[in-house]
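Participant: These are the residues of each chain, in order.
Number of protein chains: 2
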Amino acid sequence: MTQQTFTNTRIVLASRPSGAPTAENFRLENVSVPELADGQVLLKILFLSLDPYMRGRMSDAKSYAAPTEIGAVMEGGTVARIVQSRHPDFHEGDFVLSHSGWQSYAVSDGSGLRKLDPSAALLSTALGVLGMPGFTAYAGLLTIGQPKAGETVVVAAASGAVGSAVGQIAKIKGARAVGIAGGPEKCSFVRDELGFDAVVDHRDPDFTAKLKQACPNGIDVYFENVGGKVWDAVFPLLNTYARVPVCGLIAQYNATAGGSGPDRLPNFMREVLTRSLQIRGFIQREFVDQAPAFYREAAQWIAEGRLRYREDIVEGIEAAPQAFIGLLEGRNFGKLIVRIAED
Amino acid sequence: MTQQTFTNTRIVLASRPSGAPTAENFRLENVSVPELADGQVLLKILFLSLDPYMRGRMSDAKSYAAPTEIGAVMEGGTVARIVQSRHPDFHEGDFVLSHSGWQSYAVSDGSGLRKLDPSAALLSTALGVLGMPGFTAYAGLLTIGQPKAGETVVVAAASGAVGSAVGQIAKIKGARAVGIAGGPEKCSFVRDELGFDAVVDHRDPDFTAKLKQACPNGIDVYFENVGGKVWDAVFPLLNTYARVPVCGLIAQYNATAGGSGPDRLPNFMREVLTRSLQIRGFIQREFVDQAPAFYREAAQWIAEGRLRYREDIVEGIEAAPQAFIGLLEGRNFGKLIVRIAED
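Protein sequence lines correspond, in order, to chains R and L. For the first sequence, my numbering gives the first residue as 95, with consecutive numbering after it. For the second sequence, my numbering gives the first residue as 95, with consecutive numbering after it.
Treat the hints with care, as some may be off.
For identical chains, the list gives no copy identity; a pair is met inside one copy or between any two copies.
With a straight-line cut-off of 27 Å between C-alpha atoms, the simulated DSSO-like cross-links for lysine-lysine are [as the list claims (entries may be wrong)]:
1) 156 to 304
2) 306 to 156
3) 265 to 138
4) 156 to 323
5) 156 to 209
6) 242 to 306
7) 209 to 242
8) 306 to 209
9) 138 to 323
10) 242 to 138
The hints are simulated quantities; they were obtained by calculation from the structure and are not laboratory data.
Hey, can you work out the whole structure from these sequences and the hints?
Facilitator: Encoded structure:
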């Protein structure tokens, strides 16, 4: 076998952010790719997914996952092509979903790789509508939210990877979908292209009043992925027996301190009691047994035009840090993906 | 039919409390009982249940139930004997469960009455272990809490009507029951007579540390019926996927203002997310379809000695206000019941 040398360009965590991440928290490195051992494959990364949860990995606060070590490659879901294989189950040219992180090449022993069929769907969708974000929407909405026909489902970041799927799946189940998004362009996309029943701009100075107008029968399911001021506006509108799958709190991820007073927790608990509310945090992997149903249903909904999606693709691994910083500020428009290589 | 005159002694809401209720918030009245119309029965009240939820009815704050009007009879569950009947389904001498409130006689059209068999169980148990409190424990613990064998279930007010049933049903389901109670007498009752695996005294200056010791594997189900400082001690111990049925917040019922700062709600939501917690308020009537199973199972558990209970019976309707005030301070020991008449 002719020895070919590959250079891996990777982005590592240089330091932990205090508040919003900055370019200084990341460092780009070029290193040689080691030779494969038996049972290994070499992955050339084509697409890298950027997602809000990565902010959590940059901190060493207690969470559901261990933090990324200083100097380690930033974590992330990826679509890759196998360029060398010494593994019996994988061959050069295979496309796979992997969790290789922010880098251009990765060596894998095959564990955790899932083969992708490039003729079945755009490869990048394995990171979005047909991947972890789409599955997060599906499992959280259907298992915890359990929307019934005629109920009102509200979701923020409604043009994003998770929110756009939440609202459309709610519609498929016969519920009324109300989206929250930032700015007129995203709002019109949510209403006109995704087909939500109503959309409210959280930058509108009358946001709270307009959200109430958009939910004349109150809110039965609030899919929580932002927290902060949106949550404050939603909470009074929750109906008796409302369900709140808590999937993310992006508006709080950069917070460096607890909230200032008064302490709203006692009143919150009182409302949970008097309105029989259900508040339920979750991570999609809890519902992994539903993944086969998700892949089957979501693919069909896409084919039928009932589940649409938008990708926001930035070019080159060097662009990843700024794109991620923008994601936390809501600057992306659709599922944020970095194209690391063309093929 | 000879006309017999009855005098009804009743306790009405004289004024709404600010903070803890006082004797001045109640007024005792004596009024004549009106003659029965066709289709009505006259109930002589034997037992009145006193329960924490009544504090909510005394306030006009928004809640799941309308407040008691000023001047109206205080609400409450009762066991009564029918002393006159012009209703085809009820006869003089029948015992019934009713919701007649704080009074010695009541006229009913029969709706909502449930006949009781005095040979099957002590009549007073229809207000406690075989009544609303027992069913609250059963439905909240099993439907929301869903304890699994080997898991740790924590409940406060563990010698009380709801808490004592929660811990014992948890044990029946194979879980480890940890009770919280106030003072050595209640604690020894919970451990030695009810058979909880451990008990912690919330008056102990080292309460938080001792609760942690009593839950070496963390907490999987916390049946919330008190709120306040107990909740603060429990919350850090909740395991990933813990369930918290929120049934009551007695420690907060007399609060007149929101909590002082800092605002703990943002951090609370973050913990709900990172630990995949479920927080779920409920009122037992939501689960009314489970009532037949409850009556069947609870009666059997009592017969087998696996579901024990303690009643704290005070004598005479005049004693109800002070007994209720004491209930909110934890001064009762067991299910608090007022005996209004001997038979």
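Participant: Against which earlier hints does the structure fall short, listed by number upward?
Facilitator: 3, 5, 7, 8, 9, 10
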